[in-house]
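Just so you know, the protein sequences line up as chains S and Z, in that order. Residue numbers for the first sequence follow our numbering, so the first one is 1 and each next one is one higher. Residue numbers for the second sequence follow our numbering, so the first one is 1 and each next one is one higher.
It cannot be assumed that every hint is accurate.
Label-pair distances were calculated between CB atoms; the ranges are [claimed, not checked]:
#1 Z:Gly388 / S:Ala168: 46 to 56 Å
#2 S:Pro390 / Z:Arg522: 48 to 58 Å
#3 Z:Thr317 / S:Glu214: 50 to 60 Å
Chain S side only, calculated, beta carbon under 7 Å to chain Z, not exhaustive [claimed, not checked]:
#4 Arg178
#5 Pro226
#6 Glu241
#7 Ser339
#8 Thr477
Worth flagging that the hints you see were computed from the coordinates, not collected in a lab. Beta carbons are placed, not taken as given, at the ideal position from N, Cα and C, and that holds for glycine.
There are 2 protein chains.
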Amino acid sequence: MSPSPYWLRDNCPCAECRDPRSGQKLFRIGDLPDGLAVLESEEDADGLRVVWSDGHRSAYPADFLDAAGDDGDGRTEQGKRLWVAADFARGLPEAEWSAYLASTEERIAVLAAIRRSGFALLRGVPAVEGQVLDVARSFGYVRETNYGELFDVRVEPDPTNLAFTSTAIAPHTDNPYRDPVPTVQLLHCLHSEAVGGDSGLVDGFRAAALLREESPEDFAVLTRTPVPFVYRDRQTELRAERPLIDVDGRGRIREVRFNNRSIATLRGLTDRELDAFYAAYRRFAAITLRPELQLTFRLAPGDCVVFDNTRLLHARTAFEQEGRRHLQGCYADLDSLASQLAVLERRAAALDTLEQLFEGEGAGEYLGEAVTMAQHMLQAGALARAAGAPDHLVAAALLHDVGHFHGSGLKLMQGEDNRHSHTGADWLARWFGPAVTEPVRLHVAAKRYLCATEPGYRERLSEASEFTLQVQGGPMTGAEAERFAAHPGAQDAVAVRRWDEQAKDPAMETPPFARFRPILARLMG
Amino acid sequence: MSPSPYWLRDNCPCAECRDPRSGQKLFRIGDLPDGLAVLESEEDADGLRVVWSDGHRSAYPADFLDAAGDDGDGRTEQGKRLWVAADFARGLPEAEWSAYLASTEERIAVLAAIRRSGFALLRGVPAVEGQVLDVARSFGYVRETNYGELFDVRVEPDPTNLAFTSTAIAPHTDNPYRDPVPTVQLLHCLHSEAVGGDSGLVDGFRAAALLREESPEDFAVLTRTPVPFVYRDRQTELRAERPLIDVDGRGRIREVRFNNRSIATLRGLTDRELDAFYAAYRRFAAITLRPELQLTFRLAPGDCVVFDNTRLLHARTAFEQEGRRHLQGCYADLDSLASQLAVLERRAAALDTLEQLFEGEGAGEYLGEAVTMAQHMLQAGALARAAGAPDHLVAAALLHDVGHFHGSGLKLMQGEDNRHSHTGADWLARWFGPAVTEPVRLHVAAKRYLCATEPGYRERLSEASEFTLQVQGGPMTGAEAERFAAHPGAQDAVAVRRWDEQAKDPAMETPPFARFRPILARLMG
Chain S
1 MSPSPYWLRD
11 NCPCAECRDP
21 RSGQKLFRIG
31 DLPDGLAVLE
41 SEEDADGLRV
51 VWSDGHRSAY
61 PADFLDAAGD
71 DGDGRTEQGK
81 RLWVAADFAR
91 GLPEAEWSAY
101 LASTEERIAV
111 LAAIRRSGFA
121 LLRGVPAVEG
131 QVLDVARSFG
141 YVRETNYGEL
151 FDVRVEPDPT
161 NLAFTSTAIA
171 PHTDNPYRDP
181 VPTVQLLHCL
191 HSEAVGGDSG
201 LVDGFRAAAL
211 LREESPEDFA
221 VLTRTPVPFV
231 YRDRQTELRA
241 ERPLIDVDGR
251 GRIREVRFNN
261 RSIATLRGLT
271 DRELDAFYAA
281 YRRFAAITLR
291 PELQLTFRLA
301 PGDCVVFDNT
311 RLLHARTAFE
321 QEGRRHLQGC
331 YADLDSLASQ
341 LAVLERRAAA
351 LDTLEQLFEG
361 EGAGEYLGEA
371 VTMAQHMLQA
381 GALARAAGAP
391 DHLVAAALLH
401 DVGHFHGSGL
411 KLMQGEDNRH
421 SHTGADWLAR
431 WFGPAVTEPV
441 RLHVAAKRYL
451 CATEPGYRER
461 LSEASEFTLQ
471 VQGGPMTGAE
481 AERFAAHPGA
491 QDAVAVRRWD
501 EQAKDPAMET
511 PPFARFRPIL
521 ARLMG
Chain Z
1 MSPSPYWLRD
11 NCPCAECRDP
21 RSGQKLFRIG
31 DLPDGLAVLE
41 SEEDADGLRV
51 VWSDGHRSAY
61 PADFLDAAGD
71 DGDGRTEQGK
81 RLWVAADFAR
91 GLPEAEWSAY
101 LASTEERIAV
111 LAAIRRSGFA
121 LLRGVPAVEG
131 QVLDVARSFG
141 YVRETNYGEL
151 FDVRVEPDPT
161 NLAFTSTAIA
171 PHTDNPYRDP
181 VPTVQLLHCL
191 HSEAVGGDSG
201 LVDGFRAAAL
211 LREESPEDFA
221 VLTRTPVPFV
231 YRDRQTELRA
241 ERPLIDVDGR
251 GRIREVRFNN
261 RSIATLRGLT
271 DRELDAFYAA
281 YRRFAAITLR
291 PELQLTFRLA
301 PGDCVVFDNT
311 RLLHARTAFE
321 QEGRRHLQGC
331 YADLDSLASQ
341 LAVLERRAAA
351 LDTLEQLFEG
361 EGAGEYLGEA
371 VTMAQHMLQA
381 GALARAAGAP
391 DHLVAAALLH
401 DVGHFHGSGL
411 KLMQGEDNRH
421 SHTGADWLAR
431 WFGPAVTEPV
441 RLHVAAKRYL
451 CATEPGYRER
461 LSEASEFTLQ
471 VQGGPMTGAE
481 AERFAAHPGA
491 QDAVAVRRWD
501 EQAKDPAMET
511 PPFARFRPIL
521 ARLMG
């Protein structure tokens, strides 16, 4: 193997190179010496170990070199579903607002649809003013603009923008004169009694891909010509020069900006370049209007459409001014949306992993007790719940021995302190706050504390627990016990400890892990 | 002449093609017929007139074809001052916060410095928590992130980011894992008693330009390699793939993203590509550390540095933990900053134009009265002020005859209604709200109203005013007068009219235009 040495070294995961808490690198790329080379390397099932020419040593996990190229940042055409209207013949990506709020799965589905198809529809969002801001805040941050934190789309007496008239509006992206452009748009319907005023969406990535296919030279012209977009009113003078189609360094479509209403005068190009640009622009515009690309639907009060404003073009048909039509809109950004989606997926995966551990490894022997490890922990959780403990203590009781998983429990019985309370707490800290992790971290200390301070406690320990007490350091000294009692988390740790001791009853009915999943999901939030 | 026909037609300024209020185009580019051509064209001092093959007619202003290429959107290297530290040997671009708040000129200077040099320093910003948000709101909108609306830079017990430790931090841009990245950063110093902790800035555009000069191939590698930036904590999982140096379609440097701490593992490249990337990256990193590029200064309490986070790299030296060091920061965006700057410049230019009109054309005869046009208007403004009128009426009185400028006053005396009240109000509406423009618009109507309803009013008119009354339609009929009186702006218009009538006194002392400038500047806000 001969991977690029600076690449390999830049990814060294050791605590000297990378802050264990933040994962951020602790060195500057220029700190690495010139001519850096691998002196020795060894690869086996445990991973790759390297000795470097500057004496540093690195150890990489087993799959490091072979890890698949990832999907990028999810902002290019790669991994997306480029669509035509007929692809939604069986229905739009949509969810009830109440289900979206209550269920992680629904929320993941909605956010994943926005990422993959560029939009999703939420139904039953209370048709009250300002509610659209809550929808945006459910996955990110509202981006304020000159139109305000939110804007009203209805007929205005003295409109500063054609959106605020009853005119038909052709497919376009919003705020092209902003850079950074707002990357997510939300439109929430409050009233829709007017005749007309239907909504339309067009997949701008699909349109751009069609242009690339049918006329590669036109596509290239649009990716390399900066186009000035301008918006002016009494308080505002915005100008951005960006191409109609933006591609990344590998040529993948990354952003579409399309809005004839606000294209200003292109300057500094030859007539020949202008002819080429306008020919390409007109061809692209014609593609965006092809009937098979128009996804048309009608927003009813309570519907809120959320879409990717760097990809989808939106439109509306003209409407009659008699009936009332009122939408409220706001902007947000895709980066926070993607972060929220990744965190929810990561949490769901963590719960799956826990469930698998309880059902797999957890079925094994629990340090010589009469219950399995899973039974023990489930019982501890159930006891905490029966005692009316708050959620974070139920979770701590349920998960207190999670550090025993991965076969490490065995080492403890062989007389080696596996520090399972710390291992467990550190692992849990990737998902839970200190209210859950600290009682787990301190539950062994609590045992040593109770043995030192509570008459008769030590005598009630099970045989196995008495044995591990020795390995764990024995009862606390007076000074240790005092320090422990002063710790703000001591009470919680002692409570968990008591449920721990009681949770070894082969006769007790043991709830399944699934019973605790909603509590854990809430605590991860 | 043979300009590109679609380009020319897309810029037709007629009211059919372009909404006169919003300036937005009213047609779709695809609405123009194929094979569009110029049938006839005629160019003279008044401009260019075109008859199109589809029958449409366009008229362009005189300078349309020859207008210079503009400066783009001010986001690329073009038109910027790329600097080294010595360029600021005589001082940093800075202003007192109080002066920035009070003076349009100071504000323009600060915002222009951020645009041109990438940063400016505000001094004497009250060292109280949250104040940095007010600084951001003075030119744009706060961009909230996972760090909050604002963030505290000080030593934290359990830091999620190296910024919150006392470690030295090499020059970098912030939030590279966000897309859109926050384009403006603010750092406001509340306490700086610690030894060390100085601030540094490096012009990333200059560094990139040096790389392009010294090693064009390395520069090209960095512009075309998407680099994954990642940030993860319990609530966050951000990922953006962007090049270290981004150029626009014409090859101009447009954005620098530089932060070794959060570069994740590059995947999907060959070892050769990785070698090339790392060689270029290390060369660029070395340039950013050149001593001549490091602008170092110390923030004192009350200092707030505002900088372009798409261009400048910022750094800080290590500091001792004993002394207190506390900065508060937040993010905002360049587009709103540039808009604010353009609007302030546009307003200042409008005031300059007005001042020139008063001093130039205004010195001319006022329709046969014994005062000049400027004296007349200045007197009207002074009378309004002396009467204790609110600012908007002082302004309306001062500006009521602005529609006479540009020689159009003459036409009125030749018996042709120049509708000067409407011309003036429409022109003023580019800068002032209806409180100022509507009394101007109605001041001729008010004269016709008073002649109809107030006994003796008509008899008091000057000879010239009696003459123009005929051209303007004579006294109102009873029905007209009733309609006028019901108009919400009628009282203000009548008030302006009365000052108008009185302001023809050659003996009255006339204040200079400059006396009114601050009032006008405030009303434009």
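Outcome of the hint check:
1. Z:Gly388 / S:Ala168: 46 to 56 Å: Between Z:Gly388 and S:Ala168, where Cβ atoms are some 51 Å apart, the hint holds.
2. S:Pro390 / Z:Arg522: 48 to 58 Å: holds (56 Å)
3. Z:Thr317 / S:Glu214: 50 to 60 Å: holds (57 Å)
4. Arg178: Result: holds, 5 Å to nearest chain Z Cβ.
5. Pro226: The hint holds - S:Pro226 has a Cβ within 7 Å of chain Z, the shortest such distance being about 5 Å.
6. Glu241: holds (4 Å)
7. Ser339: Because about 5 Å separates S:Ser339 from the closest Cβ in chain Z, which is inside the 7 Å limit, the hint holds.
8. Thr477: With a closest approach of 27 Å, the S:Thr477 hint is violated.
In this structure, the one hint that does not hold is number 8.
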